[in-house]
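Student: Single-letter residue listing:
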Amino acid sequence: MSRAWLAVLAAAVLLPMAVRHALATEIWIFAIFGLGLNLLLGYTGLLSFGQSTFFGAAAYVAGYLLKHYETNVFAALGVGIVVGAVSAALVGYLCVRRSGLYFIMLTFALNQMFYFIAYQWTTVTGGEDGMPGIGRPALLGVDFRNPLAYYVFVAALFLLSLWIMQRIVESPLGKILQAIRENDVRAEAVGYDVPRFKLLAFVIGGAFSGLAGVLYSMLFGIVPLEAIGFVFSGNVLFATLIGGSGSFYGPIIGSFVFIWLSESVSVVWERWPLLLGVAFVIVVLFFRGGCVEAWARFWSWRERRRALAGIAQ
Amino acid sequence: MALLRTESLTKAFGALTAVNGVTLEVQAGTLHSIIGPNGAGKTTLFNLLTGQFPPTSGRIVFDGRDITGTPAHRIAHLGLARSFQRTNVFPALSILDNVWIAAFARGRSWRGLVWRRSDGYAEVTERARVALADVGLADKADQPAREISHGEQRQLELAIALAAAPRVLLLDEPAAGLSPDETQKMVALVRGLKGRYTIVLIEHKMDIIMGVSDRVSVMHFGSLIAEGTPAEIQRNPEVRRAYLGGMVAE
Ligand SMILES: Nc1ncnc2c1ncn2[C@@H]1O[C@H](COP(=O)(O)OP(=O)(O)OP(=O)(O)O)[C@@H](O)[C@H]1O
Ligand SMILES: [Mg+2]
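Chains as they are written, first to last, in numbering that gives the first Met the number 0: chain A, 0 to 312; chain B, 0 to 249.
Keep in mind the hints are simulated off the structure, nothing from the lab.
For every residue, glycine included, the Cβ atom is placed at its ideal position computed from N, Cα and C.
A couple of the hints might just be wrong.
[Claimed, not checked] Here are the computed distance ranges between Cβ atoms for each label pair:
1. 121/B to 93/A: 35 to 41 Å
2. 285/A to 114/B: 57 to 63 Å
3. 9/A to 108/B: 51 to 57 Å
4. 184/A to 164/B: 20 to 26 Å
5. 93/A to 236/B: 53 to 59 Å
[Unchecked claim] Cβ-to-Cβ under 8 Å is the rule here; a few derived chain B residues that face chain A:
6. 12
7. 13
8. 81
9. 84
10. 88
11. 99
12. 101
13. 112
14. 113
15. 117
16. 121
17. 122
18. 159
My request is simple: use the sequences and hints to build the entire structure.
Tutor: Quick look at the structure:
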C-alpha cells in the first residue's frame with residue numbers, strides 16, 4: 000500500500016477525534032464530490048462549472064425517497080448515483096462538442112436551469128426553504144442517527160470511492176482522457192471518438208457527484224436550494240484547484256482546506272469567500288498545481304538547503 | 000489492385016479550392032510520394048484521406064470500401080495512420096504513453112476499458128515498445144514528450160503512427176525542421192519502413208523523394224499535374240516549369 004493511502008487512512012481514523020463529527024463527515028463527502036470533478040478537470044481538461052447539477056439532482060431525488068418512503072440507505076445511494084450519472088449524461092451530451100469558454104458557460108447555464116427548476120417546483124423541493132425532514136434510516140441494525148456511526152459509514156464509502164477512482168484513472172480510460180486533455184485532435188486521429196469519451200468522463204464524474212449529494216442530504220437532514228446552485232459548483236471547483244487538480248489526491252487536500260476554512264473563518268468573518276478568492280488567485284498565479292505543488296516545491300527547497308548546508312560544512 | 004484510391008477528390012475552403020479533382024491510386028506495398036510547392040494542397044489531401052473533414056465532392060476508397068465522410072477515429076481503426084507536418088503529440092504524457100495510446104486504439108477492443116490496469120495489457124505495451132525501438136527512442140520511454148528535442152519529437156511523431164500497426168502509413172513531411180544530420184537519420188528510417196508498409200509520403204526535399212519513392216505524384220494549386228517514376232518526374236517539362244525549376248535551383 001502506498002504512503003498516500005496510509006496517510007488517507009490515518010486521516011480517516013484521526014479526523015473525528017480532532018473535529019466535530021459532522022464536520023469530519025462533510026470533509027469526506029466534499030472529497031468524493033471533488034474526485035468526480037477532477038476526472039473532468041484534472042484528467043480530461045474540462046472545466047465544468049456545473050457540478051452541483053448532479054450533486055443537487057441526486058440529493059433531491061434520493062432525499063425525496065428517504066423523506067416520504069424511508070427507503071433503504073443503499074437503495075437511496077443507488078438511486079442518487081444513477082440520477083447523478085443520468086443528469087451528467089444529459090448535460091454532457093449538450094456540452095462535449097463545445098470547447099473553451101463556450102463549454103464553461105454552457106455547463107454554468109444548464110446548472111442555472113436546474114437551479115430554477117428546483118426553485119420553482121416548491122411542492123417537491125421546498126423552493127428557497129429547501130427540502131427538510133430527510134432521515135437516516137438504520138442499516139443492518141446500525142443507527143445512523145449516531146454521528147460517529149454515520150461518519151464511519153461515509154468515511155468507508157469515501158475510501159471505496161477513492162479506490163474505484165484510482166482503478167479508473169489507472170485503466171486505459173485514464174490514459175485516454177489524459178491524451179484528450181493534451182491533444183484532442185491527435186487523440187481523434189489515432190482512433191478515439193473524443194466527444195464520446197468526454198461524455199463517459201461526465202457520466203462517471205456525475206455518479207460520484209450523485210453519491211456525494213445523497214450523503215450530504217442525509218448528513219444535514221435537508222437539501223438546501225444552494226445544493227444545486229452555482230455557489231456549490233464554484234466551491235468544489237475552487238477546492239479542487241486549491242488542492243491541486245493535477246494530482247490524484249489534490250481534491251482530498253482541497254476538501255480539507257476548503258471545509259476547514261469555511262468552518263473556522265466563516266464564524267469570525269462573514270466575508271470569508273474573499274479569502275477563498277485570494278487563495279484562488281495565489282494558486283492561479285504561483286502554484287498551478289495547488290497545495291500539492293506548493294508542498295513539493297517546499298520539499299525540494301528544503302532538500303537543496305540541506306545539501307548546501309552539507310557543502311558549507 | 001490499388002489499396003487506396005481517390006476519385007475526383009475536391010475540397011473547397013470558401014473561394015479557395017485547396018484540393019481540386021484529385022484522382023490518385025496507391026498500390027499496396029509501394030512508397031508513393033506527393034510533392035508540390037507550399038500551399039499546393041498536400042496536407043489538405045491527407046486531412047481528407049484521414050477524415051479530418053469531409054470532401055466537398057469526390058470519393059475515397061480504401062481496400063475496396065468507400066470511406067468518404069467516415070469520421071477520423073473510425074478511419075484510424077480501419078488501418079490508415081498518419082504523422083503530422085507540425086508535431087502533434089501529447090506533451091505531458093511519457094513517450095511510452097504517447098505510443099501506447101495509439102497501440103491501444105488499434106486493438107479495437109474496449110474490453111477492460113475502465114477497470115483493467117493499463118500495465119496489464121502486455122501485447123499493447125509490447126507493440127508500443129517495438130514502435131519506439133523502430134524509431135530509436137526506446138531508451139527515452141519514461142520521459143515526458145515535452146522534454147525531448149525537436150528531432151526526437153519528429154521521431155515520436157512517426158512512432159505514434161507506427162504503433163497503430165497501420166495498413167497504410169501517411170507521412171506528412173517527416174523531416175520538417177530537421178538539421179541535415181537529423182534529416183539523414185529520418186531518411187534512413189523511412190527507407191527502413193519501405194516494403195513493410197504501404198507508405199504515402201509528402202516531402203519537400205527533392206533528394207529524399209528521388210531516392211526512396213516507387214512513384215511520385217505532383218500537386219500544384221490543388222490539382223495533380225503529373226505522376227510517374229522519380230526519373231519520369233524529373234524529366235517532365237511541365238513539372239520542371241511549375242515546381243522543379245525552383246527547387247533544383249535551391
Ligand atoms: N482548414 C483550412 N481552412 C482554410 N484554408 C485552409 C485550411 N487548410 C488549408 N487551407 C489552405 O489550403 C491551401 C493548401 O494548404 P495545405 O496545407 O494543404 O498545403 P501544403 O501543400 O501542405 O503546403 P506546405 O507544403 O506548406 O505544407 C493553403 O492555401 C491553405 O492556406
Ligand atoms: Mg503541408
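Student: Output the indices of the hints that this structure fails to meet, ascending.
Tutor: Numbers 2, 3, 6, 7, 9, 16, 17 - these are the hints that the structure violates, sorted from lowest upward.
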